[in-house]
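Engineer: Turn these sequences into a full structure, and let the hints steer you where they fit.
These protein sequences, in sequence, are chains E and L.
Those letters in the first sequence? Residues 1 to 239, per UniProt numbering, in order.
Those letters in the second sequence? Residues 1 to 305, per UniProt numbering, in order.
Have a look at the derived ranges for each label pair, beta carbon to beta carbon:
hint	chain 1	residue 1	chain 2	residue 2	range
1	L	Arg91	E	Asp95	23 to 33 Å
2	L	Arg176	E	Ala119	13 to 23 Å
3	L	Val84	E	Ser140	41 to 51 Å
4	L	Pro96	E	Ser140	39 to 49 Å
5	E	Glu99	L	Ile5	48 to 58 Å
6	E	His13	L	Phe280	56 to 66 Å
Hints in this document: simulated from the structure, not taken from any laboratory.
Beta carbons: idealized from backbone N, C-alpha and C, even for Gly.
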Amino acid sequence: MQENALLEFVGVHAHYGPVEALKSVDVHIRTGEIVSLIGANGAGKTTLLSTIFGSPRATGGRILHRGEDISRLPTNRIARRGIALVPEGRQIYQDMSVEENIMMGTTPIGMEHFNEDRATMFELFPRLKERRNQMAGTMSGGEQQMLAIARAMMARPELILFDEPSLGLAPLVVKRVFEVLSEIAAMGKTIFLVEQNANHALKLSQRAYVMVNGHIHLSGESAALLDNEDVRKAYLGLH
Amino acid sequence: MDFYILAQQLINGITLGTIYGLIAVGYTMVYGVIRMINFAHGDVYMVSAYVAAIVLAVISFFGIQSVPFALISILIITCFVTAVYGWAIERVAYRPLRGSTKLAPLISAIGISLMLQSYVQIAQGARDQGVPILIQGALRFGGEEHFAQITYMQAIILIASLVAMGILTYVINHTRIGRQCRATQQNRQISAVLGVDTDRIISTVFVIGASTAAVGGTLVTFNYGSFNFFIGFVMGIKAFTAAVLGGIGSLPGAVLGGILLGLTEALFAGYVSTDYKDVFAFGLLIVLLFFRPYGLLGRPEIQKV
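Structural biologist: This is the structure:
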């Protein structure tokens, strides 16, 4: 066990039917850190994030949040512990207005800080303010990504998990997403970032893990991994 | 006069249709959140008719004479009692089988349906039961020979249905619990991640469905005055048809489908034949589904991979 880890995976296994998707994974995230998890498509990155919310459930090992095992908790109880997810593919409520999507984000803490937090989000994402009464499904991919981030932030989480936030977005929008991530980090949030875009992820984060076939292949300071010969070849397309 | 015959069929059709709509709400909402049909829903409606009659008996026993008071309290109490049935059905027939195959809860719900019918048959008898018609009289339009009328009970059915639909629409669109219901319907997994207690939402939807069906059950009981343990079957199929016609999963669709079905039946019965009205109504459903497989207001289901 790591000292003062906010979230820690200790020997976590997970299965999809007979297929073992995670093979004894050890990962930890400390308060205030930006940690990224990179790896190829199908390496098990999203699975690792999903086990935090219990789908799939970890079939072995423990997931500790502030030292408490949360791997058996019902999904909705995780949000109340101050953990929020910006899921892969945005997964915003298409048939709700932007405003209602933002409202849904307050579920774990109630509407007490709603006006104040919404104002902060509208400041961070002016486009959302313009489109507040529009159906969320009619917005562009980048705008939907911003909405998914705003929705997660509304719960005032301590830890935010980002699952492939740059996936399917235009390069300029990707750049904006990563700017937003560092702004969020500057607000004092702890960030765990799962990304295929290794270059961006490693530049943003302080520490990183490299996942291959369901286990952690490499880990260390992001700057060091950026210079690592294997990583450069496999994930950055450089020589 | 043709005009009065038409007007009369329209009045009858819309009244009948709002009842279908009230019961269709239960099918459509439950389908919305769990993507399954509650096959015990018709019997929940049937149970509500008995509950309403029993509450009336209790109220009469206490010597309460005021008809409006009696009707309103019967409506409210019946809604509550029937809601408990809805809640229990979800707990017994659906929740333990969540995560099992899609067919398993279907079978357990049919089991509940048979159980409710048999239970009522044993406890209350197999014969038709009756309640006194509380409200008689009608509002007439037209002359002595040619006229159309709306009975006071029909007027009450329309008003009560409108109020029930109004309350429901408000709750779904403007309250926290309603927003959580819509969220769960759109994406159950992500709603749980955001902190929504989706199990509680599913229970809530069964409860809402059962109580709207109870509004329909109570109104029909005091309109026709007679009922038996088997009325849930036909009403269930009609209301299910209404839900499919309107687009299952869509709340306005359920109401629209109900009124359309009611109008079709009434018009066909009035102008062509009473015997074949159901054949015509279901035939229309088949034809409509050819052109709009997802119903009038429904949307194609996008299969997630």
